[in-house]
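Listed below, chain by chain, are the residues.
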Amino acid sequence: MSQIETFYEVMRSQGITRRSFMKYCSLTAAALGLGPAFVPRIAHAMETKPRTPVIWVHGLECTCCSESFIRSAHPLAKDVVLSMISLDYDDTLMAAAGHQAEAALQDTIERYKGNYILAVEGNPPLNEDGMFCIVGGKPFVEQLRHAAKDAKAIISWGACASYGCVQAAKPNPTRATPVHKVITDKPIIKVPGCPPIAEVMTGVITYMLTFDRLPELDRQGRPAMFYSQRIHDKCYRRPHFDAGQFVEAWDDENARKGYCLYKMGCKGPTTYNACSTVRWNEGVSFPIQSGHGCIGCSEDGFWDQGSFYDRVTDLTQFGVEANADQVGVAAAGVVGGGIALHAAVSALKSAQKKTQSSKEEA
Amino acid sequence: MVVQTPNGYTLDNGGKRVVIDPVTRIEGHMRCEVNVNDDNIITNAVSTGTMWRGLEVILKGRDPRDAWAFTERICGVCTGTHALTSVRAVEDALGIQIPENANSIRNIMQLNLEIHDHVVHFYHLHALDWVNPVNALKADPKATSELQQAVSPSHPLSSPGYFRDVQNRLKKFVESGQLGLFKNGYWDNPAYLLPPEADLMATTHYLEALDLQKEIVKVHTIFGGKNPHPNWLVGGVPCPINIDGVGGVGAINMERLNLVSSIIDKCIEFNKNVYLPDVKAIGGFYRNWLYGGGLSSQACLAYGDIPENANDYSAGNMHLPRGAVVNGDLSTVYDVDQRDPEQIQEFVDHSWYTYGAPGKGLHPWDGVTEANYELGPNAKGTRTNIEELDEAAKYSWIKAPRWKGHAMEVGPLARYVVGYASGHEDIKTQVDGLLRDMDLPFEALFSTLGRTAARALESEYCGRLQKHFFDKLVQNCVNGDTSTANVEKWDPSTWPAEAKGVGATEAPRGALGHWVRIKDGRIENYQCVVPTTWNGSPRDTAGNIGAFEASLMDTKVERPEEPVEILRTLHSFDPCLACSTHVMSPEGDELATVKVR
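Quick mapping for you: the protein sequence lines, in order, are chains A and B. So in the UniProt record's numbering, the last spot in the first sequence is 362, and the numbers never skip. So in the UniProt record's numbering, the last spot in the second sequence is 597, and the numbers never skip.
So here's chain A without its partners, still in its complex pose (with noise of 0.2 Å):
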């Protein structure tokens, strides 16, 4: 291990000055929502540890959580994959083919023992024995079994190798399984989204390598620094939502105006993740300013929860008598009812998953 070098030389024998490096170091902080104290922690960090190998590996999956992070701006994907980390086997980018491919897997798995991270995109199948995907004539599942064997911890990219996604979406034909379901004896980070936000992934990875710890989790084992609040939190929008002001059909008036689109279905009071902050591509848009509500990608089961057109609280089958509208209007007129309607949406989220799966059991 001791010949790997450290980021700061890695990045100084690229012809990183030392100023640049310590810019990089703000941003970092910056990135990670710390403050100005914290740069020379990271400072220092990364001028003694380890360039750490990855081994990010595919199951069934679609690979938007791959091009997501490419598209990071800080840090650039090229800074990451040629300066910051180690990636030794990605099927979607590395060069190498068939059994050298397979080879260079075996490699890193021998030589890194203990002290790779292994990044899942995708999900294995469990159904036909595994063999719905397959890699080097194997089911994916052994694959992964086995190069989770001797990692550091696992990184669930996305919604796919956090929860199932699309593939385990009713009846999950292939018994699509995520990740922690199948390795159960490792830390293991949820990153989820449909795709999750390219700095955010980034973010993640860089949180583990300066700090090396993984990042501080929440019940379901995603990052508390993004995905501890709701869209809907921190959405711009949220003044309409208060004001009882909505778009009430595509294009209406209301749309023109930007006014909330909470009846159009957005799921952004149900909805943990960072769009609304972070937002994407660098900042330029997330769903909701862009006119379509949040379709909750990032949260468990979200392909089942009903049309992405239908509002969350709308659940007369719940026995819910004020249904939101009544109550996004009477927010307006309490102060702190904001607070109390998401617990309340809270509760009726988990009623919701409740007297869905006891319907779809019956």
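These are computed hints drawn from the structure, not numbers from a lab. In this text, a Cβ means the ideal position worked out from N, Cα and C, and glycines have one as well. Not one of these hints is a red herring.
Keeping only pairs whose Cα atoms sit at most 27 Å apart, straight-line, the calculated DSSO-like set for lysine-lysine is:
#1 A/K263 x B/K489
#2 B/K266 x A/K78
#3 A/K181 x A/K152
Covered by chain B, per the in silico footprint, the following chain A stretches (three or more residues, Cβ under 8 Å):
#4 75 to 88
#5 155 to 168
Following the hints, complete the assembly by docking chain B onto the known chain A.
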């Protein structure tokens, strides 16, 4: 054993068998097996899709207005194109007419995807088949600068110092001993022909393109809120337009349009200054490597796309060509009707599905999919540890679609062959110009390089079209029309009890079709026949081989254990396996749950 295929290939599975699994630098999971003779010439090719997700059964019973989001997740690389195909299918079924602005915005998004996908494909998935980044270390930065200025006089990033910096960075990277993505590449293989300066130039552009691609997609972010996987809407587009009114900051306004416009210009610049010159320069060094044509000279299929006027999907109204060419006869372009049960059919005799009785082909509206994973008697290995497949039996998760019984190639080259054959002015001018510049005959087009070049030409053409539709969108707003959605039939209570529709697009990888049946406001069944299903198809009932397989035939492989030539040709199709391997029956037959170990 020697077999003659109806589509004109002689397959010999004697000699040495070479297996490549995983095929890397593609979307999804793929395996390839070939036989080579004593001269290392490929005499038999077997292409296998090695993943299956079953999205159509998942769609059954859902709200048709949600289908775009499910199908969009078929592929995150060609993100958005399945969504567009889906909303078109639903609109076709329900008779929904979209506003002109929605048509322009959808076209801009689809064209934006074509450019993004082509650029990422060429530089990040395909280039390493031609370009040797390790060899770039030997380059003279000054000579590289001269090469850059010769092939692309107007590209600003061309100084010797610039190339020296990149080379230094690359040098330290290689010297660190941690080659990362470049690990175990075939860097001393004689199949790499570029001089070090061209390798350095192209490797530099690998990095430039990586920076640019994240800019290109911002068009999707503006109109669709995010990328990958922007949001779409049945009946139009979700983003309203409010150029100068109260609350305009929450809609498509002047600032947003300016951002779109600046990105469109960046795409045009990059195509002109970097992408096209690179393809010509690199292609020049490989001008004698004209393998890989496969079906392209024989059978090409395109559905057409980018309608000039909204709601008219006839061939004459679309900028990307539509039609079919068969039997190598470019004098006739046949029209394609996705509704005709006799035209498009899928076969499964060599796929891991069953129709009950063998030998049948079924139209997507009447298709059946029941998984049937089994290996043939001559396969080597076990059920869960395949060493060699038996292509005389079932061997892929991809079905075999056929147009009037013909195995067809789809994609940029197929579009350009169909366009050329139908006398498409822009395409003809581009193709003739490229061949003249490179001093190559027309036949050179039917090759791996021709496929790669067609993609670059198309990226350039799409750049111009993107600007055209942007101007059209702005002009329409100036004229006072800012409508972006038609909500007359948004409410399911306005729908007929039963309806069926087809949506078609040209995805970056080729002709893409979705077939939907709606009953009582819900999806009764849903079928997708996607580009890589056409290109990557296994043998059909009659024994015709698919486009991937045909393209590998007769190729010389310098070192069979380092299959760079095979990767080169497979990559030239830009395979997308997640797309190709998910088909399910319209009846939504569920798979039997099998015992899990």
